[in-house]
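> Protein chains in written order, with our numbering: chain A, 10 to 299; chain B, 290 to 596.
It cannot be assumed that every hint is accurate.
[Unchecked claim] Partial list, derived from the structure: chain B residues whose beta carbon lies under 8 Å from chain A:
| id | residue |
| --- | --- |
| 1 | Leu393 |
| 2 | Leu400 |
| 3 | Ser416 |
| 4 | Leu487 |
| 5 | Arg554 |
| 6 | Gly560 |
Hints listed in this document are in silico derivations from the structure and should not be mistaken for laboratory results.
Every residue, glycine too, gets a C-beta built ideally from N, C-alpha and C.
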Amino acid sequence: MGKRLSGSTFDLINTALLLLIAVLTLFPLYYVLCVSFTSSEQYLKGGLLLFPRDFTVEHYQYLFSTPMFPRAIRVSAFLAVFGTALGLAVTAALAYALSRKRLLGRKTLLILILFTTLFQPGMIPNYLLVRELGLINSTWSLILPMVSSGWNIFLMKSFYDSIPESLEEAAVIDGSNDLHIWWRIVLPLSLPALATFGLFFAVAYWNVFFNAILYINDFTKWPLQVVLRQILIDSNTSAGGGAMQEAGQVVSPQSRKMAAVIIATVPIMLVYPFLQRHFAKGVMVGSVKG
Amino acid sequence: MYRKRQLGHYVHLVARDRFLYMLALPGLLFFALFKYVPMWGLVIAFQDYSPYLGIRNSDWVGLDHFIRFFGSDDFYLLLRNTLAISSLNLLLFFPAPIVIAIMLNEARRQLFKRIVQTVIYFPHFLSWVIIAGISFIMLGQADGVVNAILNRLGFESVGFLTTPEMFWPMLIVQNIWKDAGWGTVIFLAALSGIDPTLYEAARMDGASRLRTIWHITLPGIRNVIVVLFILKLGEIMDVGFEQVFLMGNVAVSSVADIFDTYVYRNGVLNGEFSYTASVGMFKSIVGMIMVITANKLAKWLGQDGLY
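Here chain A stands alone, though its shape is the one from the complex (with noise of 0.2 Å):
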């Protein structure tokens, strides 16, 4: 191993190291920011911004004001409010009946959503079924496809699988049927595991981005992540040329792409803290294996 190391200079150098992921982690962001807050006659005089050149929030100001940024964040909204909803109920239902061993079909039903997770049919058979299903153009193909999946089953039925069926015997001699058990007996029990799940599912549908180039040409319904993408790229080089120019805009100045690129980011920072909260206890483990 070379040259020995005293254990305090170790110290030194790790601490020093680390120090440095974590400001190369948050220097883009931080940089971003500052050109947010830059005019773009400031920001066109070039050079480095380590911090805002001139104070100003006309970026921001000018993105609210045109239609099509804050309808696009009312879209995104609803997709990560109804689809996590709407994912949780689906996927921890399913999850919950699984878990029970005394079910029928019960092994055949976990095969075949495993060979869900093995062989995936690919864009087209997928494009195909959205158009056949006469989705193209609505929001429920951005919500349909994502309300669960074969990983998501898995992980929330090994919770469930934690939960004794012992419990439940109980509540049967009391009378109550399987429904009442799941909602007033399991229900609460899994919510931390609930709260977690949900707060990924709603960082996914926020980031939805590709299913909604595939089955949404109508650019009054696009996620805020198809127009951040339009607003980042040459507008007149792309197809959606048209959707910027009502904004009457064809290509952005670098300072308001930035401010955009923000304003995506802020409702990601402000659901962290709490999955983070929960991640870090080792819940989710699981799901980075995949």
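Got chain A; can you put chain B on it based on the hints?
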């Protein structure tokens, strides 16, 4: 008689658990409609599917689309790009979370460790569109931050986003920024399982910290590293599609075309549904074989695979 009794028994079981089946029903319908119907839809890979005729009335062409695809130059280009990006990820991205996890594990102050973790996990949750936006301003040629720094140091500007040679490394850098921190979670879990008395003994023997890492920490998580590496090897056909789609541009198209971008362009945009369905099917089948083999291998090494 026996069969009738058995059937009656099944009916009884289903009737008893009818509420459980009610709970399962919406989810099962979801899997049937959004996971299994598309699998059946793959039959169009063996047809000349026309949306007007539908699957029932379209002509069957056997393996024509597959033969066309394997005979085209496109196939080799897509395979090269996919394997190159995956291999670079395995080589350069994969070790990053291991190194960072070990560094975090060595950090003495718990508060400092927690703060660094909080910071480096965060980018994992950002969308690829946001990452693309950040990349444009960090790496752009005209006003990018990195080029501004290079200029100040007396170097020429580099077209990080528009030079074909730069494209693959740029993807790896993005991956590291986004996911190296998050990737530490599983290694930290493995590190916490190492017997603390081993460290105690090493300290008594006067072993240096680097020596302790080499002889205790690394062997302690070697199994996890090997298994995760094998499992990642199994996902070699999966390249970050949204990432490549967003970062690709005319200047780098020869190195930025992967199976999914090819399918999107020729299938969804140009309507060659049958041909691109066969391309997608090829990728899915190879992917599935790779994942199953990787899991077998991981299990053979005495570890839990994913399945």
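> Okay, which hints does this one fail, numbers in order?
2, 4, 5 and 6
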